Amino acid sequence: MDIKSEIRKRLFKALGEEEEKYLVLAKRKKSFFAVPFEFVREVIPPPPIKTLPLSPPFLKGIISHLGRIIPILEISEFIKIDEPEMRRVMGFLISDGRYIAGILINEYPEFKKIEEESEIFPAETPYKENTFLKGFVKEKETLIPILDIPLIFEEIRRRIKRW
Amino acid sequence: MVEEKYLAIFKDEATSHLSTLERCVLDLESKGVSQDLIKEGMRSAHTIKGSARLLGLEEIGKIAHRIEDIFKEIDSGKPLTPELITEILSGIDSIKTLISGEKRETKREEKSEEESKKGFEVLRIPREKIEAIIDYAGELFVQKIKLMGKIEAYEVIKKELKEEIADYLSGFLPEDKIKPITERISSVFYEVTEDFKNTYEEISSLVEGIYHTSLFMRFVPFSEVGEELRRIARDVAEENRKKIRFLIKGGETELDKADLDKVKPALIHLIRNAVDHGIETPEVRRALNKPEEGVVEISVEMEGENIKISVSDDGAGISGDKLVEKAIEKGLIDRKKAEQLSENEKIAFMFEHGISTKEVITEISGRGVGMDVVKATMLEMRGDVRVETHKNRGTRISLIFPRTSFTIKGIKVKDIEEVVIPVSDVVKIVRLRKEEVIFRDSEAFFEFQNTLIPVKPLAFLLGFEDFSLFDGKDFTYVVILRSGEKMFGIKATDFTSDEEHIIKSPSALLEGMKLIAGITVSKEGLPVIVLNTNDLAEMFFAKTLPQLREEVKERKKRILLVEDSITTLMIEKNILELAGFEVDTAMHGGEALKMLNSKTYDLFVLDIQMPVLDGIELTKIIRSTPGTSRKPIVIVSSITDEREMKKAKEAGADVYISKRDFDKSGFLKVVKDFLEK
Chain A
0 MDIKSEIRKR
10 LFKALGEEEE
20 KYLVLAKRKK
30 SFFAVPFEFV
40 REVIPPPPIK
50 TLPLSPPFLK
60 GIISHLGRII
70 PILEISEFIK
80 IDEPEMRRVM
90 GFLISDGRYI
100 AGILINEYPE
110 FKKIEEESEI
120 FPAETPYKEN
130 TFLKGFVKEK
140 ETLIPILDIP
150 LIFEEIRRRI
160 KRW
Chain B
0 MVEEKYLAIF
10 KDEATSHLST
20 LERCVLDLES
30 KGVSQDLIKE
40 GMRSAHTIKG
50 SARLLGLEEI
60 GKIAHRIEDI
70 FKEIDSGKPL
80 TPELITEILS
90 GIDSIKTLIS
100 GEKRETKREE
110 KSEEESKKGF
120 EVLRIPREKI
130 EAIIDYAGEL
140 FVQKIKLMGK
150 IEAYEVIKKE
160 LKEEIADYLS
170 GFLPEDKIKP
180 ITERISSVFY
190 EVTEDFKNTY
200 EEISSLVEGI
210 YHTSLFMRFV
220 PFSEVGEELR
230 RIARDVAEEN
240 RKKIRFLIKG
250 GETELDKADL
260 DKVKPALIHL
270 IRNAVDHGIE
280 TPEVRRALNK
290 PEEGVVEISV
300 EMEGENIKIS
310 VSDDGAGISG
320 DKLVEKAIEK
330 GLIDRKKAEQ
340 LSENEKIAFM
350 FEHGISTKEV
360 ITEISGRGVG
370 MDVVKATMLE
380 MRGDVRVETH
390 KNRGTRISLI
400 FPRTSFTIKG
410 IKVKDIEEVV
420 IPVSDVVKIV
430 RLRKEEVIFR
440 DSEAFFEFQN
450 TLIPVKPLAF
460 LLGFEDFSLF
470 DGKDFTYVVI
480 LRSGEKMFGI
490 KATDFTSDEE
500 HIIKSPSALL
510 EGMKLIAGIT
520 VSKEGLPVIV
530 LNTNDLAEMF
540 FAKTLPQLRE
550 EVKERKKRIL
560 LVEDSITTLM
570 IEKNILELAG
580 FEVDTAMHGG
590 EALKMLNSKT
600 YDLFVLDIQM
610 PVLDGIELTK
620 IIRSTPGTSR
630 KPIVIVSSIT
640 DEREMKKAKE
650 AGADVYISKR
660 DFDKSGFLKV
670 VKDFLEK
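Residue numbers (numbering that gives the first Met the number 0), protein chains in the order written: chain A, 0 to 162; chain B, 0 to 676.
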């Protein structure tokens with residue numbers, strides 16, 4: 000676990016809140032998606048991305064951020080979502096403690112607590128685009144997909160080994 | 000129920016004492032009985048016993064108690080027999096098994112092994128915290144390099160400014176009056192830059208100090224693994240009724256833990272082979288007039304920028320003829336060809352999967368599984384394996400690999416994309432003239448040191464479609480690289496002299512990605528790939544030019560659309576995307592230029608009137624840049640003035656579409672026609 004996550008966990012504990020009950024809602028052009036808060040590390044300014052030669056399509060490139068090299072993912076390879084608007088872009092760093100990666104978004108994400116009424120539907124539909132979803136959260140009568148971050152990381156590792 | 004936090008502390012402590020115990024008993028066996036060793040061993044056994052009992056780990060306590068008793072017996076004069084040594088070692092193994100069974104392995108446990116060095120206070124720091132410090136220190140190092148770049152740029156500005164001012168003043172002042180003014184300017188600039196340089200030097204030495212100290216936090220002495228290998232050698236010898244003396248040379252050499260972890264399985268295999276295959280039984284050795292006791296030695300040394308770990312034995316040596324026989328049996332070579340092989344070529348078969356000269360397949364070795372893995376490990380670590388063997392005199396197998404995760408000396412090579420290649424892989428950079436190229440079956444070769452070296456453009460190997468060997472010139476630069484025994488050449492349009500580069504890991508998520516040995520950061524702060532020469536070689540020799548050309552064509556065509564009107568931009572983008580093209584957009588020529596540096600495009604759609612850099616100027620730049628000079632350029636503009644249209648054509652535009660006459664299908668047809676050509 001990194002230092003930031005440790006601080007965050009302690010903060011939540013001090014506030015008597017459960018980190019798992021929070022989501023971060025991100026916007027890409029007209030699409031929305033959500034990431035469980037526990038996997039979100041930080042939101043960063045538009046990074047200069049370096050594309051890698053002969054890289055797989057789910058990899059947009061890499062960035063150098065505070066001394067670390069971070070891969071930027073093309074998340075539309077995993078869920079049905081708009082391509083980012085490249086003129087107004089920012090990075091959104093996700094990590095499961097073992098791996099870290101960035102996703103491009105167009106607006107500063109929102110922080111949302113999962114209330115009982117915004118019930119999460121499990122994503123057990125047979126559609127391919129739901130494979131990497133943990134479920135959906137209801138926000139203003141719209142269903143927003145929640146990314147299954149560990150599964151996406153696992154899939155990336157699998158695809159990289161095959162590539 | 001044992002509290003987990005105490006259990007973790009016990010495991011750390013016990014692992015450290017078990018390692019001490021193991022060293023003591025092996026030293027007692029090889030060097031003879033010594034009071035110091037007995038006392039040290041007894042103390043370790045006693046500590047394990049006490050702590051285990053305190054935590055209610057009775058089984059561990061019992062075994063530790065027995066080990067302590069054996070040490071006491073030896074202390075009281077009981078002879079140290081091989082049986083007693085085996086009993087202690089079995090006890091150590093049992094405790095290890097019990098400890099690992101108490102709780103599944105955790106990161107804290109990995110630390111305990113790594114930090115079990117005796118003799119100084121050990122502070123346990125999680126690996127990720129150390130990695131974070133190294134990353135920050137690495138970033139400081141990069142900033143230091145960037146600062147040097149800025150100071151260099153300052154020197155250039157000083158020279159240019161001096162000339163410009165002199166030029167300007169020459170219009171209304173005589174030369175003798177100008178000189179003192181420009182000299183004064185120079186002197187002021189000199190003072191400022193010197194001041195900068197001095198501060199830079201001070202910061203530089205501090206940064207280097209922080210960086211290197213942080214890197215060395217991950218270092219451990221080789222002896223930590225060496226002791227483990229000694230134990231393995233001892234066990235294999237005992238099982239095969241062989242007598243060995245195990246020597247470690249350079250055990251104090253400190254290596255990166257990450258390197259040690261990677262190379263350890265290969266070393267275990269080599270040690271097992273040395274004892275099981277190399278060293279003869281005492282009877283055979285006697286018959287050969289050799290001492291009954293064989294010598295197995297592991298040595299660590301630095302060889303330039305590389306680490307060299309050698310495992311040697313004074314045993315039977317490896318028979319090239321036996322290896323060839325096995326290779327023929329396996330169908331790897333026919334007898335006729337085998338007869339023409341040199342001794343070294345015969346020995347090279349030991350690295351083929353499934354080849355072993357061992358007559359009897361044992362639990363230990365002889366299955367032919369392993370040496371191929373040793374070779375693969377070295378390839379993965381960008382290293383090499385060297386074998387020296389002499390009949391009845393023994394074998395030495397050396398693993399040579401570059402130190403990882405530091406700075407490397409590399410040259411930046413450019414052919415559309417800029418990459419760094421480690422200097423250690425570069426044989427030479429040559430200037431190749433067109434007439435020196437020999438074409439055979441659509442492949443290009445040139446002669447170097449009486450050998451024909453194949454050459455391919457780097458851009459082609461990196462997946463770019465617009466590759467060429469000469470870019471319309473009469474000569475090109477070729478970087479000759481070596482990977483193992485193979486030499487090959489890559490064409491480069493530009494290269495730098497060797498520089499020090501900080502190597503960063505390309506992130507755990509991308510681990511194992513082909514071609515990438517690491518990532519460095521340019522003076523501009525952008526990541527640059529450090530190529531894995533072995534992967535590049537594999538790609539170079541596996542795929543011929545036409546095959547790769549077909550592969551490259553399979554990808555979606557990519558178009559750069561440059562337009563300052565958001566409405567036009569969206570309309571054109573939509574049309575192109577619906578037709579299946581990948582489209583990137585820029586709002587003016589300046590933005591487009593930046594994108595050209597990071598990606599390759601198949602076609603450009605440009606407006607003319609744009610801020611920062613207009614379409615005509617952008618066209619000229621595209622036409623004069625090697626990677627894009629032949630790409631189609633489509634101008635879509637509202638300007639209908641004939642002169643402007645002529646200007647665009649002269650600058651290099653292929654077609655001019657007026658926005659007034661713009662229709663979707665016509666536009667799409669023009670784009671498709673160009674891309675299908």
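It is worth saying that the hints were derived from the structure and are not from the lab. Owing to the predicted nature of the structure, the values given are computational and were not obtained by experimental measurement. Glycine included, each C-beta is placed from N, C-alpha and C at the ideal position. Be careful, since some hints might not be right.
[Claimed, not checked] In silico EDC-like pairs for lysine to aspartate or glutamate, Cα to Cα no more than 20 Å straight-line:
| hint | chain 1 | residue 1 | chain 2 | residue 2 |
| --- | --- | --- | --- | --- |
| 1 | B | Lys556 | A | Glu18 |
| 2 | B | Lys427 | B | Glu484 |
| 3 | A | Lys160 | B | Asp320 |
| 4 | B | Lys321 | B | Glu296 |
| 5 | B | Lys598 | A | Glu84 |
| 6 | B | Lys336 | B | Asp320 |
| 7 | B | Lys671 | B | Asp563 |
| 8 | A | Lys28 | B | Glu581 |
| 9 | B | Lys572 | A | Glu84 |
| 10 | A | Lys160 | B | Glu537 |
| 11 | B | Lys556 | A | Glu154 |
| 12 | A | Lys29 | B | Glu82 |
| 13 | B | Lys593 | A | Glu84 |
[Said to hold, decoys possible] One-sided and incomplete, this derived list gives chain A residues near chain B with beta-carbon spacing under 7 Å:
| hint | residue |
| --- | --- |
| 14 | Val42 |
| 15 | Pro45 |
| 16 | Lys49 |
| 17 | Thr50 |
| 18 | Pro52 |
| 19 | Leu53 |
| 20 | Pro56 |
| 21 | Phe57 |
| 22 | Ile61 |
| 23 | Ser63 |
| 24 | Ile68 |
| 25 | Ala100 |
| 26 | Ile155 |
| 27 | Arg157 |
- Item | 20 Å limit on alpha-carbon distance, applied to hinted pair Lys427(B) and Glu484(B) | Between Lys427(B) and Glu484(B) the Cα gap is close to 15 Å, so the pair holds against 20 Å.
- Task: For the pair supplied as a hint, Lys556(B) and Glu154(A), confirm whether the alpha-carbon distance does not exceed 20 Å.
- Result: violated, 26 Å
- Query: Regarding the pair Lys593(B) and Glu84(A), is the alpha-carbon distance no greater than 20 Å?
  - Reply: Distance of about 17 Å is within 20 Å: holds.
- Message: Tell me if the straight-line CA distance from Lys556(B) to Glu18(A) falls inside 20 Å.
- Response: Distance ~44 Å between Lys556(B) and Glu18(A) Cα, so the pair is violated.
- Message: Just to be careful: measuring from the Cβ of Phe57(A) to every Cβ in chain B, is the smallest value less than 7 Å?
- Response: Result: violated, 11 Å to nearest chain B Cβ.
- Is the interface hint for Pro52(A) satisfied, with its Cβ closer than 7 Å to some Cβ of chain B? holds, 4 Å
- Query: Taking the closest Cβ pair, is Thr50(A) under 7 Å from chain B?
  - Reply: holds, 6 Å
- Tell me if Arg157(A) is really an interface residue toward chain B, meaning its C-beta lies closer than 7 Å to one of theirs. For Arg157(A), the interface hint is violated, since the closest Cβ of chain B sits about 11 Å away, which is over 7 Å.
- Double-check Pro56(A) for me: the hint is only fine if its C-beta lies closer than 7 Å to a C-beta in chain B. violated, 9 Å
- Would the stated hint for Ile68(A) survive a check requiring a Cβ distance to chain B of less than 7 Å? holds, 5 Å
- With chain B as the partner, please determine if Lys49(A) meets the hint condition of a C-beta pair closer than 7 Å. Where the cut-off is 7 Å and the nearest Cβ of chain B is about 4 Å from Lys49(A), the hint holds.
- Grab the minimum C-beta distance from Leu53(A) to chain B and call the hint holds if it beats 7 Å, violated otherwise. Holds, about 4 Å.
Hint check: violations occur at hints 1, 3, 4, 7, 11, 12, 14, 15, 20, 21 and 27; the rest are consistent with the structure.
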